[in-house]
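Asks: Sequence:
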Amino acid sequence: MNFSIQKSAFIVGVLFILAAVTSIIGGLILYKPILGPDYLINGSEHANQVILGALMELILVVSAVGTATTMFPILRKYNETIALWHVCFRFLEAIIITVGVISVLSLVTLSREFVAAGAVDTASFQASGTSLKALHDWTFLLGPNFMLGINTMMYSYIFYKSKLVPRFIPILGMTGSAFIFLCALLVMFGVIEQVSVWGAILALPIFANEMILAVWLIIKGFNLTAVNYNIHQEFPKSDFNKSL
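First residue of the sequence shown: 1, per this note's numbering; consecutive thereafter.
Just so you know, these hints were derived from the structure itself, not from any lab.
Source: prediction; values computed, not measured.
No false leads were slipped in.
With a cut-off of at most 20 angstroms between alpha-carbon atoms, the simulated EDC-like pairs for lysine to aspartate or glutamate come out as follows:
#1 K133 <-> E193
#2 K133 <-> D38
#3 K133 <-> D121
#4 K133 <-> E113
#5 K163 <-> E80
Start from the sequences, fold in the hints, and give me the full structure.
Replies: Dropping the structure here:
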């Protein structure tokens, strides 16, 4: 049983790192040609790069769902309601990110059609492109910021109460959740830009939390003392022995 729990911890750690890497490579680096001012031309010229970025974000989607579903059997032993909420909201985050991927791929198609048409009816293409870029921008805000803040707060709270990991990690997680949620609200009301110095500062604590948590789970795993204590609390000793 302990081996299974530590195997889950290792998988969660790897998925957190995979999610972080793919989100940076896909959303911030490879998407640049299609999200810049000359996207109607650059999108077609750099189509393979943008499509690779979309693939990175799809890996992010799989990783996000993977972390939630892998942690659920463990988290539910401590707070089943919050654990279930976490899975549901993580799925919602994944759906929002997927909609953003679709908008980016649609921009690639629009760019190809614009180039093939010989830049005829530019205003019409620009109107469609503006709508698709706006869709991407909102999904980029609501998924990786707004929903991420909610999700991180939920699993960090359970980690803090259960002592499955050292408490400084979930404290950092809950602090980062508040900051990234605040960042989302400030961007929504036009106070700051999401991709900006202030955006990076507010996102740093939650990024640090995910990376520290990931490394800890890969190397140390979950606190087995807390895990075993909960198991014996959930099952009386005689019943627990029978279940084995």
